[in-house]
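Peer 1: Sequence:
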Amino acid sequence: MPGLESLNFLNSRYLFLTEPFLKQQGDFRLISTSSGLSSAVFPFYTEAGRILSPVKAPFGSFQFQNEPRPDLVTGILTQLETLARKEKIHTIQIVLPPDCYQPEVNVWLQPLIVSAGYQIVWQDLNFHRELTTSFETGLHRSERWKLRKSLQSGYEFRMILKPDWEFAYRFLLDSRQRKGYQLSMERDDLERTFQLFPDAYRMSGVFIEDQCVALAVSIQVNEEMEYVFYTADDVKHRKLSPVVLLHYGLANYCREKGARMLDLGTSSIKGVVNSGVATFKRNLGATASLKSTFQRKFS
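So the mapping is simple: the numbering used here equals the position in the sequence shown, first residue as 1, plus 11.
For the record, the hints were derived by calculation from the structure and aren't laboratory data.
Treat the hints with caution; some may be incorrect.
[Unchecked claim] Only pairs whose alpha carbons sit at most 25 Å apart, straight line, appear in this in silico SDA-like list of lysine to any residue:
id, residue 1, residue 2
1, K67, K250
2, K268, R155
3, K308, K268
4, K250, L162
5, K308, G128
6, K97, K160
7, K308, L94
8, K250, R169
9, K247, N294
10, K67, T304
11, K247, F291
12, K281, Q306
13, K160, E147
14, K97, S45
15, K99, G128
16, K250, R155
17, K247, K281
[What the hints assert, rightly or not] Distance windows between CB atoms, simulated:
id, residue 1, residue 2, range
18, E234, L207, 15 to 25 Å
19, V125, M170, 15 to 25 Å
20, K160, K308, 45 to 55 Å
21, Q36, Q130, 22 to 32 Å
22, K160, G47, 56 to 66 Å
23, S145, T102, 43 to 53 Å
24, G47, R249, 52 to 62 Å
25, E267, R187, 23 to 33 Å
26, E234, R198, 28 to 38 Å
27, T144, E167, 18 to 28 Å
Only a predicted model underlies this, so the values are computations on that prediction, with no experimental measurement involved.
For every residue, glycine included, the Cβ atom is placed at its ideal position computed from N, Cα and C.
Based on the provided sequences and hints, a complete structural model is requested.
Peer 2: Now the structure itself:
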């Protein structure tokens with residue numbers, strides 16, 4: 012098996028596939044294959060008779076060095092099947108990145124996975140904004156009005172360099188619970204993740220004077236992509252929808268840093284679409300793509 016460094020694994024294209032990120036989730040394992048100058052690696056976890064990629068990250072995937080090639084993926088899938096039968100694994104689950112991340116690869120990768128005996132168990136609706144054009148020009152007219160009105164009313168976007176964790180987590184949690192959801196991370200886990208990856212995790216907010224009225228946690232997936240992990244708002248200020256200004260400010264910040272895409276995340280859970288969330292993201296000028304989850308079961 013090639014070493015991690017020879018596979019460029021420590022310098023992954025995506026944060027979620029780097030060794031430090033994988034380690035902080037648990038004990039991960041690797042399958043790899045190579046041919047000529049090209050190599051591929053597949054990190055995964057085993058849990059309760061299942062092979063999972065990923066555990067808690069938004070996605071897992073195959074990582075390539077040099078040319079992404081179908082024969083490399085076939086080699087890894089064959090090794091996964093052998094491992095599953097040897098260790099009495101009953102399910103292999105693979106969650107790919109949204110199609111917008113690697114469209115030139117997914118066009119052949121997804122059919123190849125299906126041909127290896129996997130089924131698409133659900134496809135989530137993911138939204139992203141290209142940052143090559145002005146964020147404001149892509150907004151629906153209603154969101155453009157809210158953006159301009161909030162700026163005229165004194166609302167300001169700020170990056171938060173030293174979060175007040177008690178306030179921030181409560182703000183995020185209250186906003187999620189109003190919508191009938193919970194947070195996927197505990198307070199201490201969120202703070203610890205910021206400490207482990209200080210260059211990748213960011214917090215930003217919208218303020219009126221010193222009052223926070225909207226908050227976002229985002230992640231620099233790589234130098235080209237920023238993933239909006241959590242957003243929250245103060246219901247008393249919803250008339251002007253400060254979350255629009257929040258995305259506008261974050262998009263401008265990321266564009267200045269050289270990013271080309273703002274990933275707004277999914278608007279569905281296991282394929283069930285939240286139409287209100289999807290409409291809002293479309294009104295932000297975002298484009299939809301699919302994020303696919305595959306499974307193969309063994310008797």
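Peer 1: Each hint should be assessed against the structure and marked as holding or not.
Peer 2: Hint check:
A C-alpha spacing of about 34 Å is found between K67 and K250, which places the hinted pair above 25 Å, so the restraint is violated. Annotation: proposed proximity of K268 to R155 holds, straight-line Cα distance about 24 Å (limit 25 Å). Using a Cα cut-off of 25 Å, the hinted pair K308 and K268 is violated, with the two alpha carbons roughly 43 Å apart. For the given pair, K250 sits about 13 Å from L162 by alpha-carbon distance, which is consistent with the 25 Å threshold.
Annotation: proposed proximity of K308 to G128 holds, straight-line Cα distance about 9 Å (limit 25 Å). Straight-line distance between C-alpha atoms of K97 and K160 comes to about 62 Å, which puts the hinted pair past the 25 Å bound. Distance restraint check for K308 and L94: the Cα-Cα separation of roughly 13 Å lies within the 25 Å cut-off, and the hinted pair is therefore satisfied. Distance hint between K250 and R169 is fulfilled; the C-alpha atoms sit about 20 Å from each other, no more than 25 Å.
A C-alpha spacing of about 21 Å is found between K247 and N294, which places the hinted pair at or below 25 Å, so the restraint holds. Distance hint between K67 and T304 is fulfilled; the C-alpha atoms sit about 14 Å from each other, no more than 25 Å. Proximity of K247 to F291 is assessed by CA-CA distance (about 18 Å); at most 25 Å being required, the pair is judged to hold. Distance check on the hinted pair: K281 and Q306 sit about 13 Å apart at the alpha-carbon level, within 25 Å; holds.
Annotation: proposed proximity of K160 to E147 holds, straight-line Cα distance about 13 Å (limit 25 Å). Of the pairs offered as hints, the one joining K97 and S45 holds, with about 22 Å between alpha carbons and a cut-off of 25 Å not exceeded. A hinted pair counts as satisfied when its Cα atoms are at most 25 Å apart, and K99 with G128 qualifies at roughly 17 Å. Taking the CA atoms of K250 and R155, the gap is near 13 Å; set against the 25 Å cutoff, the hint holds.
Between K247 and K281 the alpha-carbon distance is near 31 Å, which puts this suggested pair outside the 25 Å criterion. Between E234 and L207 the C-beta distance comes to about 19 Å, which sits within the given range of 15 to 25 Å. Our hint of 15 to 25 Å for V125 and M170 is violated, since their Cβ atoms are close to 42 Å apart. Distance hint for K160 and K308: a CB-CB separation of about 53 Å, consistent with the stated range 45 to 55 Å.
Hint check: Q36 to Q130, Cβ distance near 25 Å, so the stated range 22 to 32 Å holds. Taken as a hint, the range 56 to 66 Å holds for the pair K160 and G47, whose Cβ atoms sit roughly 58 Å apart. One distance hint, 43 to 53 Å for the beta-carbon pair S145 and T102, holds here, with the actual separation near 45 Å. Our hint of 52 to 62 Å for G47 and R249 holds, since their Cβ atoms are close to 56 Å apart.
E267 and R187 have their C-beta atoms about 29 Å apart, which keeps the hinted 23 to 33 Å range intact. A beta carbon spacing of about 29 Å between E234 and R198 agrees with the range 28 to 38 Å that was offered as a hint. Checked against the hint of 18 to 28 Å, the C-beta distance between T144 and E167 comes to roughly 23 Å, which is consistent with it.
Violated hints for the displayed structure, listed by number in ascending order: 1, 3, 6, 17 and 19.
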